[in-house]
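Asks: Spelled out from the first residue to the last, the chains are:
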Amino acid sequence: MNLYEQQAVNRRRTWLVMAVFVALAAFVGVGVDLFVIGGGQAYVPVGTTAALALSGGQAYWSLRRGDRAVLMSSGAAPVEDRMRAALSDDDRLRYRQFTNIVEEMAIAGGVPAPRAYVIPDDDPNAFATGRDPAHASIAVTEGLLRSLNRGELQGVVAHEMAHIRNLDIRLMTVVAALLGMIVLLADWAGRAMRSGVGRGGSRRSKNGGGAAAIVLVIWLLAIVLAPLVARLMALAVSRRREYLADATGAELTRNPIGLARALEKIEAAVAPTKAIKRGTAHLCISDPLGSKMAAREGRWADLWATHPPMHRRIAALKAMAYER
Amino acid sequence: MTFYIVLGLAVVLVLWTIAVYNRLVNLRNQTTNGWKQIDVQLKRRHDLIPNLVATVKGAMEFERETLTAVMDARARAMAAAGPAEAGRREGELTQALGRLFAVAENYPQLRATENVKMLQEELAGTENKIGFARQFYNDIATKYNTARETFPAVLASGALGFKPAELFEITEAAERQVPAVDLSMKRG
Numbered sequence: 003m004n005l006y007e008q009q010a011v012n013r014r015r016t017w018l019v020m021a022v023f024v025a026l027a028a029f030v031g032v033g034v035d036l037f038v039i040g041g042g043q044a045y046v047p048v049g050t051t052a053a054l055a056l057s058g059g060q061a062y063w064s065l066r067r068g069d070r071a072v073l074m075s076s077g078a079a080p081v082e083d084r085m086r087a088a089l090s091d092d093d094r095l096r097y098r099q100f101t102n103i104v105e106e107m108a109i110a111g112g113v114p115a116p117r118a119y120v121i122p123d124d125d126p127n128a129f130a131t132g133r134d135p136a137h138a139s140i141a142v143t144e145g146l147l148r149s150l151n152r153g154e155l156q157g158v159v160a161h162e163m164a165h166i167r168n169l170d171i172r173l174m175t176v177v178a179a180l181l182g183m184i185v186l187l188a189d190w191a192g193r194a195m196r197s198g199v200g201r202g203g204s205r206r207s208k209n210g211g212g213a214a215a216i217v218l219v220i221w222l223l224a225i226v227l228a229p230l231v232a233r234l235m236a237l238a239v240s241r242r243r244e245y246l247a248d249a250t251g252a253e254l255t256r257n258p259i260g261l262a263r264a265l266e267k268i269e270a271a272v273a274p275t276k277a278i279k280r281g282t283a284h285l286c287i288s289d290p291l292g293s294k295m296a297a298r299e300g301r302w303a304d305l306w307a308t309h310p311p312m313h314r315r316i317a318a319l320k321a322m323a324y325e326r
Numbered sequence: 005m006t007f008y009i010v011l012g013l014a015v016v017l018v019l020w021t022i023a024v025y026n027r028l029v030n031l032r033n034q035t036t037n038g039w040k041q042i043d044v045q046l047k048r049r050h051d052l053i054p055n056l057v058a059t060v061k062g063a064m065e066f067e068r069e070t071l072t073a074v075m076d077a078r079a080r081a082m083a084a085a086g087p088a089e090a091g092r093r094e095g096e097l098t099q100a101l102g103r104l105f106a107v108a109e110n111y112p113q114l115r116a117t118e119n120v121k122m123l124q125e126e127l128a129g130t131e132n133k134i135g136f137a138r139q140f141y142n143d144i145a146t147k148y149n150t151a152r153e154t155f156p157a158v159l160a161s162g163a164l165g166f167k168p169a170e171l172f173e174i175t176e177a178a179e180r181q182v183p184a185v186d187l188s189m190k191r192g
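Protein chains in written order, with this note's numbering: chain S, 3 to 326; chain L, 5 to 192.
Since the hints were made in silico from the structure, they are not lab data. Worth double-checking, as some hints may not be accurate.
According to the in silico footprint, chain S covers these stretches of chain L (three or more CB under 8 Å from chain S) [as the list claims (entries may be wrong)]:
| no. | segment |
| --- | --- |
| 1 | 37 to 45 |
| 2 | 124 to 132 |
| 3 | 135 to 141 |
From the three backbone atoms N, C-alpha and C, an ideal C-beta is built for every residue, glycine too.
Chain S extracted, bound-state conformation (with noise of 0.2 Å):
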């Protein structure tokens, strides 16, 4: 695949995936004017007509302004305050090399510079986020950036700089923002139906309809299933992607190497990044969560995990530079 067709995979699945989000919530709004409110013959569909346009909000706020929310749950400052902020020259001359190599690789990429982002954390770790290359955050945490050197940092920036070039970030960005809200929904409309069944339920008995008993458990295996349906999706998106941005970033420094020592040693790092949560996981480099599932290999594991093993990603990185 080249770059525009792994462009245009993701404006698809973008798309697909605000398409799908609505129309689930448009369902779960059907089952909420058909059960909790009660499904006469003449009824005004309050449920279905909040839940489109609020979804729909959603899906479009995602789009917009989910790099914010993205960044501002995982506690990351524009490096420029971090800058302003910094106590020791050590720390000035280390933001001032991630924004340089961040200047680089965007000129590798032959596209405008990112902002940079650095999330005050002392597990390296890093991620990007965005809607497309001319609205893009690279965050990283404080403690890749005490860890690595010029190289390795590089490889890390050109590994996100990938992400950002074939717009993985607006796909990964509008699920982890639609993420969050599946699981809001699924849990509010589960209250609803515990404590609206029992109106619904009379009425249901009286009506008599055994279809309507049908759509109900169907209904109900909707919102239990929602959230791990959601989760399944953004982890099957982001783990294909880990490889070809590893790729791509080796293209872009020509020194697969230095991303290769990059993630040995932010594998070495076992400590979870507690500042990146659960429903970011999938943006990261590497597994936030510091799940041994990183390391697992096999399908039940392959299913889960947010990330490809990382020796299997190291390897592939080593392969092509003994290649050249």
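Following the hints, put chain L in place on chain S, whose structure we already have.
Replies: Frame of chain S, contents of chain L only:
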């Protein structure tokens, strides 16, 4: 009947020429832009050097020659005309800077100065930016050249006035042999 066939072929030919033309113009503009990016970074390096020299001058009083060599190389690079000469002069400037940093290794108090470290990082960053700008230029220029020279676009590209883009190459055998100077200030 024959008339319509000829007309149809003519329309296809015109549409195809338009498509080829637009694609090549797009790539050529990107190539030109890539070239300008290199200039931007080169200018930045020229602007940084006087700062560096001013900062290290006091501590490196004995290395007057090295400092003069850097300033002279900078002046020559700025005065260079044409891409070929510019490439050569910039290469010489890179070497002069490399020597300056090599000599600076003998002055530990200088290396410890925060100002110098920062300037060193700035220069390292600029060197990299120049390198990556060239890399990007070469990539996009190769893309343009390939689009220009592959069949069937090659049938039209010459007539439409698209000239091949020149690639950046290391012309000097000496420059090729010089090992890369590591300005990266390795950190554990």
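Asks: Hint by hint, say whether it matches the structure.
Replies: Do the hints match the structure? See the list:
Under a criterion of three residues with beta carbons nearer than 8 Å to beta carbons of chain S, the stated coverage of the segment 37 to 45 of chain L is upheld, 3 such residues being counted. Counting residues of the segment 124 to 132 of chain L whose beta carbon lies closer than 8 Å to any beta carbon of chain S gives 5, which meets the minimum of three for the stated coverage. Taking a C-beta to C-beta cut-off of 8 Å, the segment 135 to 141 of chain L contributes 4 residues in contact with chain S, enough for the three needed, and the coverage statement holds.
Violated hints for the displayed structure: none, as all numbered hints are satisfied.
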